[in-house]
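Asker: Chains B, C and D: place on chain A using the hints.
4 protein chains.
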Amino acid sequence: MTFKIITELDYSTQGQLSFLLNIRAQRNSQQRVLEERFTLIPQMPHLEKTDEVTGNRFDLITADLPGLYHIRYEAVVENKPVHVSASDLAETEVQDLQLDVLGCLYASRYCQSDRLGNLAAQQFGHLETPLKKVQAVMAWIAEHIAYVSGSTNASTSAVDSLVERRGVCRDFAHLGIAMCRALNIPARYFTGYAHDLQPPDFHACFETWIDHRWLLWDATGLASPDAVVRIGTGRDAADVSVCTSFGPLMLERQSVSCQVIDPDYQKMTPEQLEHVFISHS
Amino acid sequence: MTFKIITELDYSTQGQLSFLLNIRAQRNSQQRVLEERFTLIPQMPHLEKTDEVTGNRFDLITADLPGLYHIRYEAVVENKPVHVSASDLAETEVQDLQLDVLGCLYASRYCQSDRLGNLAAQQFGHLETPLKKVQAVMAWIAEHIAYVSGSTNASTSAVDSLVERRGVCRDFAHLGIAMCRALNIPARYFTGYAHDLQPPDFHACFETWIDHRWLLWDATGLASPDAVVRIGTGRDAADVSVCTSFGPLMLERQSVSCQVIDPDYQKMTPEQLEHVFISHS
Amino acid sequence: MTFKIITELDYSTQGQLSFLLNIRAQRNSQQRVLEERFTLIPQMPHLEKTDEVTGNRFDLITADLPGLYHIRYEAVVENKPVHVSASDLAETEVQDLQLDVLGCLYASRYCQSDRLGNLAAQQFGHLETPLKKVQAVMAWIAEHIAYVSGSTNASTSAVDSLVERRGVCRDFAHLGIAMCRALNIPARYFTGYAHDLQPPDFHACFETWIDHRWLLWDATGLASPDAVVRIGTGRDAADVSVCTSFGPLMLERQSVSCQVIDPDYQKMTPEQLEHVFISHS
Amino acid sequence: MTFKIITELDYSTQGQLSFLLNIRAQRNSQQRVLEERFTLIPQMPHLEKTDEVTGNRFDLITADLPGLYHIRYEAVVENKPVHVSASDLAETEVQDLQLDVLGCLYASRYCQSDRLGNLAAQQFGHLETPLKKVQAVMAWIAEHIAYVSGSTNASTSAVDSLVERRGVCRDFAHLGIAMCRALNIPARYFTGYAHDLQPPDFHACFETWIDHRWLLWDATGLASPDAVVRIGTGRDAADVSVCTSFGPLMLERQSVSCQVIDPDYQKMTPEQLEHVFISHS
Numbered sequence: 000m001t002f003k004i005i006t007e008l009d010y011s012t013q014g015q016l017s018f019l020l021n022i023r024a025q026r027n028s029q030q031r032v033l034e035e036r037f038t039l040i041p042q043m044p045h046l047e048k049t050d051e052v053t054g055n056r057f058d059l060i061t062a063d064l065p066g067l068y069h070i071r072y073e074a075v076v077e078n079k080p081v082h083v084s085a086s087d088l089a090e091t092e093v094q095d096l097q098l099d100v101l102g103c104l105y106a107s108r109y110c111q112s113d114r115l116g117n118l119a120a121q122q123f124g125h126l127e128t129p130l131k132k133v134q135a136v137m138a139w140i141a142e143h144i145a146y147v148s149g150s151t152n153a154s155t156s157a158v159d160s161l162v163e164r165r166g167v168c169r170d171f172a173h174l175g176i177a178m179c180r181a182l183n184i185p186a187r188y189f190t191g192y193a194h195d196l197q198p199p200d201f202h203a204c205f206e207t208w209i210d211h212r213w214l215l216w217d218a219t220g221l222a223s224p225d226a227v228v229r230i231g232t233g234r235d236a237a238d239v240s241v242c243t244s245f246g247p248l249m250l251e252r253q254s255v256s257c258q259v260i261d262p263d264y265q266k267m268t269p270e271q272l273e274h275v276f277i278s279h280s
Numbered sequence: 000m001t002f003k004i005i006t007e008l009d010y011s012t013q014g015q016l017s018f019l020l021n022i023r024a025q026r027n028s029q030q031r032v033l034e035e036r037f038t039l040i041p042q043m044p045h046l047e048k049t050d051e052v053t054g055n056r057f058d059l060i061t062a063d064l065p066g067l068y069h070i071r072y073e074a075v076v077e078n079k080p081v082h083v084s085a086s087d088l089a090e091t092e093v094q095d096l097q098l099d100v101l102g103c104l105y106a107s108r109y110c111q112s113d114r115l116g117n118l119a120a121q122q123f124g125h126l127e128t129p130l131k132k133v134q135a136v137m138a139w140i141a142e143h144i145a146y147v148s149g150s151t152n153a154s155t156s157a158v159d160s161l162v163e164r165r166g167v168c169r170d171f172a173h174l175g176i177a178m179c180r181a182l183n184i185p186a187r188y189f190t191g192y193a194h195d196l197q198p199p200d201f202h203a204c205f206e207t208w209i210d211h212r213w214l215l216w217d218a219t220g221l222a223s224p225d226a227v228v229r230i231g232t233g234r235d236a237a238d239v240s241v242c243t244s245f246g247p248l249m250l251e252r253q254s255v256s257c258q259v260i261d262p263d264y265q266k267m268t269p270e271q272l273e274h275v276f277i278s279h280s
Numbered sequence: 000m001t002f003k004i005i006t007e008l009d010y011s012t013q014g015q016l017s018f019l020l021n022i023r024a025q026r027n028s029q030q031r032v033l034e035e036r037f038t039l040i041p042q043m044p045h046l047e048k049t050d051e052v053t054g055n056r057f058d059l060i061t062a063d064l065p066g067l068y069h070i071r072y073e074a075v076v077e078n079k080p081v082h083v084s085a086s087d088l089a090e091t092e093v094q095d096l097q098l099d100v101l102g103c104l105y106a107s108r109y110c111q112s113d114r115l116g117n118l119a120a121q122q123f124g125h126l127e128t129p130l131k132k133v134q135a136v137m138a139w140i141a142e143h144i145a146y147v148s149g150s151t152n153a154s155t156s157a158v159d160s161l162v163e164r165r166g167v168c169r170d171f172a173h174l175g176i177a178m179c180r181a182l183n184i185p186a187r188y189f190t191g192y193a194h195d196l197q198p199p200d201f202h203a204c205f206e207t208w209i210d211h212r213w214l215l216w217d218a219t220g221l222a223s224p225d226a227v228v229r230i231g232t233g234r235d236a237a238d239v240s241v242c243t244s245f246g247p248l249m250l251e252r253q254s255v256s257c258q259v260i261d262p263d264y265q266k267m268t269p270e271q272l273e274h275v276f277i278s279h280s
Numbered sequence: 000m001t002f003k004i005i006t007e008l009d010y011s012t013q014g015q016l017s018f019l020l021n022i023r024a025q026r027n028s029q030q031r032v033l034e035e036r037f038t039l040i041p042q043m044p045h046l047e048k049t050d051e052v053t054g055n056r057f058d059l060i061t062a063d064l065p066g067l068y069h070i071r072y073e074a075v076v077e078n079k080p081v082h083v084s085a086s087d088l089a090e091t092e093v094q095d096l097q098l099d100v101l102g103c104l105y106a107s108r109y110c111q112s113d114r115l116g117n118l119a120a121q122q123f124g125h126l127e128t129p130l131k132k133v134q135a136v137m138a139w140i141a142e143h144i145a146y147v148s149g150s151t152n153a154s155t156s157a158v159d160s161l162v163e164r165r166g167v168c169r170d171f172a173h174l175g176i177a178m179c180r181a182l183n184i185p186a187r188y189f190t191g192y193a194h195d196l197q198p199p200d201f202h203a204c205f206e207t208w209i210d211h212r213w214l215l216w217d218a219t220g221l222a223s224p225d226a227v228v229r230i231g232t233g234r235d236a237a238d239v240s241v242c243t244s245f246g247p248l249m250l251e252r253q254s255v256s257c258q259v260i261d262p263d264y265q266k267m268t269p270e271q272l273e274h275v276f277i278s279h280s
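Going down the list, the sequences are from chains A, B, C and D.
Be aware that the first sequence starts at 0, since it is given in numbering that gives the first Met the number 0, and climbs by one per residue.
Be aware that the second sequence starts at 0, since it is given in numbering that gives the first Met the number 0, and climbs by one per residue.
Be aware that the third sequence starts at 0, since it is given in numbering that gives the first Met the number 0, and climbs by one per residue.
Be aware that the fourth sequence starts at 0, since it is given in numbering that gives the first Met the number 0, and climbs by one per residue.
Extracted from the complex, chain A is given alone in its bound form:
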C-alpha cells in the first residue's frame, strides 16, 4: 500500500532552545520511504538521527532566536503489512521469550500493568490463548471506553481511562497495552499516520508479541490496521512524543494528512478483522 503524508507544525519559542521532532515515517523491512521532504522555515541546519534499537527517526532543531518555527514534512511511503490468520499463529511459550521484547512486559509511565493483574485475570484469565485474550481486551475496550475528544491530557494514564471510562486514541492504546502486559503478553505503543483519519491527526495504536510477531491493534476502531504508517515504537506515549523540547516551546498550529493513494484500496471490515491479524514488523 502507498501513502501520501503531509504534516505541518508551527512552534513558537521565546528564547534559544533545542527540540527533537519524531514525525518521519520509519524505514524498516516492511516499510519504505519512497520520497520525503522536510522543510524548516526559517531555514536552518538541523540534525537527522535514527535510533538503532527502535528505528525511530528524529530531527534535532536548535532554535537560536525567539520566534515562530514552521515545519513541513511530506512523504510517500510504501508498506507491506503481513496478514496472518489465527490458525497460523502458534502458541507462544515462555521459554521462547526473546529478551529484546522483555521490556514490553514491564509497567511503564502510562501503562501501570503492575496494578491490573487481578482485574485482567478476572476478566480475561480464562481465555486459552494470548490471541483470544487480546481480542477480548479489544472487545472490552470497545464496549466500555468512550472516545471523547479533549477528555484527557498529557498526564492521563491507562488507570485513569479505566476509571473514567473515556479517552482518545492514545488512552485506548495505553489501556490495551496495560491489560496485555498484566496478562503477560508483551505489548508496545505504535504511533503513526492512519489513512483518512477523522478528524485528521497523528494516531496511536498498540502491538502485541504473539508467536514471534508484533500484531497491530487499533483499540479505537478509527483506523484500519493495515492502512497505517509507523512513525515510532515505544513502551508508551512517553517514548514517542511528536516533540521533545529542551525548554519552553509552544505548539501554535498542527495539521496532518495521510491518504492511501492506491486507487483500489478497501478498508478492512470488522468481520475480516476478527479472523485476520496485521503485522507491521
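Be aware that one or more of the hints could be misleading.
Since the list can't tell identical chains apart, any single copy or any two copies may satisfy a pair.
In silico SDA-like cross-links for lysine to any residue, where the CA-CA straight-line distance does not exceed 25 Å [as the list claims (entries may be wrong)]: (1) 131 x 162; (2) 48 x 113; (3) 3 x 28; (4) 3 x 68; (5) 131 x 15.
Just so you know, these hints were derived from the structure itself, not from any lab.
Answerer: For chains B, C and D alone, kept in the frame of chain A given last:
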C-alpha cells in the same frame, strides 16, 4: 575492587509456572565476574540469557511442580569504576545527545518526570551545570526524604515519595531519576549489590548521563558509590525486578550478602564524594 | 438485640500529646447503651464529648508523659434496627432531598465518586430504582473485589480498590459509597462493632439514603447488617478514625470483641438479605 | 462594606433533570442580603432551600424539557468582617477544640492532608503558633505555586498542585487547607464573590480555625480578604460546587460581577495583611 557475593532466595509455587531471575552480576567492560555458581534446588534445567542492549542477565526457571524452590547465587566479582573530578567533566551539549540515552530522558512508571518540570526548574533551574544540578538534587533528597523501612510498597512512585517525604533505596533512586529527567538530564536506575549494606539487601542507586559518561549516585548515602556491583540497568525498578513471574509465586525467604574482600578498602567520605564522581560504565 | 463489647487498645507515645478516641457505641433513637465502662491506665482525667450533628462520641486524652497508655472499653448495647421490605420503599424524588443528606452525595477523600460517573452509568444506570442500583452495586463488589487482609493501607481509596480489585472492609465500604454517590444516591460510611466478626476487629459498612431512611449494607458479607453496633457515621473513613492523634502516637496492640448475647439470635441468610433491608437510623 | 453582585449562567439540557444551584450569598450574623433577585428563564417554579448546618443556600430547579435555561442572580449584600490583630489571638488549646470544627481537621476529596504530615512538619513544624504556621503556608504557596488559568480541572487535588506547582484559586485554597490540616489546624473551603476580581469569576479562599474564630485567607492574593461575600462553606470544592446536577447538564455561558459600592473602599495592602487578619464568622 573485588567483592564476594552470596544471595539466597526461596520461592514457593502452587502450580506449574515460569519465572525469570535477575540476580547475577553483569559482565561489562568495567566489571568482571571472576567466579560464579548458581544453584537451584530441586535441581532442574534452566536457561541463562543475557539482554544484549542492557547487559542484564537472567535465569529462566520453569517450575513444573508445586513446592519450594531454593536458589543460591555465589560470585566473586571485580570492578574498576572510574573516578572523575568535576573539572574533567565538560558541558553536555544537546547536540551531542546520543539517541541510545534518549529513553533515559523520558518519564517512566515510577519516575513521572513529566509532572515535575515546574518544581525542578524552581528548585534547581538556576544552577549552571548538569553536575551542579544533580548534586543539588542529591542534597535536596538527603534533606527532605526520610529513610523509613517498610514505608512504601511495589507501586510507590517518585511522586508519592515527593509528597510523603519518605521511602527506601528504590524510592530515593526513583525521585533522583525523576528530578534529573525533569531537568533534561538523562538518568537511569541501577540495581546491584553494595558492600556491607545495613540491613543487607539488594540495593538501588541511579546514574546520570553527563559528558558522555554515566555517573553513579546513591541518594540514600547508605553505600559508597565505588563499592557496588551492578546487577541491572533500567528505566526504573519496573525494568530490573529481581524476579518476574509468569504466575503466582511467593517469596518465602531472602538473604543477601556482599563484601569487598580487598583488605585495604576504605569507604569514600562525604567530603570526597563532593569532588569525585564515580562511573561504572 | 443486645451486644456485649470489649475493646482494648494500647498506644505508646514519646512525648506529651493529645488524642481523640472514637470507640464508644453511639446513643441514638435506635440504639441504647445499657452499660459502659471506659478505663484508662495510667488513670488520668479525660474529656468525653459528643458531636451534635453526627452523634459520634469522643474521648479526648492528653498524655502528659511518654509511655504506654492502655484503654479498655466495655459496653452492653441494645439496638432495634428496622427491617424494611422492598415493597415498602417508595421512590425517592430529588425534590424531597433533604439538605442534611446532601453532603453524602459529594465526593470525599476515599470515595472519588466524581470520577466514577461513566462507569456507574454503564454498569448500573439502566436499573430502575435506587434500591435495585444499590443491590447491583453490592453484587458487583462481591463478584469483583477480593477480600485480602493486609492488601491496603490508610491511603487506599475506592479508585485504588476498583483498579486493584482487592481490599478490606473499609475499602469495600468506600467503593460501595463511591458507586452510589456516582449514581446520585446519598451514601455514608458506618463504623462499628459486628457480631462474631472473624477475625475480630472494628468493622466498616455503608448506608444509603433511600425513601427517607438510611439502609445499611455490608459489602464484604462478613457481618449480618442487623447484628452491628454503630460507633460512628461519616463521609468516609477519614471522618471516623478510631484515633485522631495530635502528634506521633503508635498503636501497639488492639483487641476487639463483640457478641450478640440474645440466646436465640440467628444470622440473616443471603436469601433474606435480598428482600429485607435493615435501617439503623 | 456593601457589594453589588450580578451572576448569569446559561445551562443546556437534552432531557428532564434536576439541578441544585449554590450561587446565593449566605445570610449569617456578619452578612446581610439587603436585596436579591433570582430570575429563571423560562419561568418555572423552583425550590429555595437553606442548609441549617452550613448556611449554604440552594435553588433546586427541575428542567422538564430539553433546552436552554438562563439564570440571573442579582444581589446587594452588606457584610462586616472582623479585623483581628495577631496580639488578640490566643493560643488554641486542643482541649478547647469544638467538635463541630473537627470535620475540618480531616482529609477530604481534594485536600489529602493525611499524606502531607511529614512535609508540613518539615516545612512549618518549627513555628510556634498556628497563626505563624498559616502565615508561613501562605508565603510558601505564594512562592512556589504559579497561578495558571486553565492548568487544572475538576479532579485536580492539593497533591496534584503540590507536585505540578500550578493551579487556580480553587487549587490554591485546597493546598492551603491540606497543609493546615496536616498541621492540626482546622481549615475549610470558602467560595464566594470577590470585589473586582480579574478575570471576573467565582472565587475560592480558605478559612482556618484559630482561637475560636474562622480567619479568611486568599492564597492567590487576587482578592482582599475583607472584600468578599460568602456563598458557601465546605470541606473543599466538592461540597460547594456552583451546580450539582442529577443528569447531564452543560454550562454554556457564565458571567460574574461583584463590586464594592462603598465609595471610599480601599483594598488592604500586603503590609496590612501581615498584621491584621479577617474573620467573616
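Asker: For each hint, tell me whether it holds in the structure or not.
Answerer: Tested hints:
no.: 1; hint: 131 x 162; result: both (24 Å within a copy, 22 Å between copies)
no.: 2; hint: 48 x 113; result: between (33 Å within a copy, 23 Å between copies)
no.: 3; hint: 3 x 28; result: within (19 Å within a copy, 46 Å between copies)
no.: 4; hint: 3 x 68; result: within (23 Å within a copy, 48 Å between copies)
no.: 5; hint: 131 x 15; result: between (51 Å within a copy, 21 Å between copies)
No hint from the list above goes unmet by this structure.
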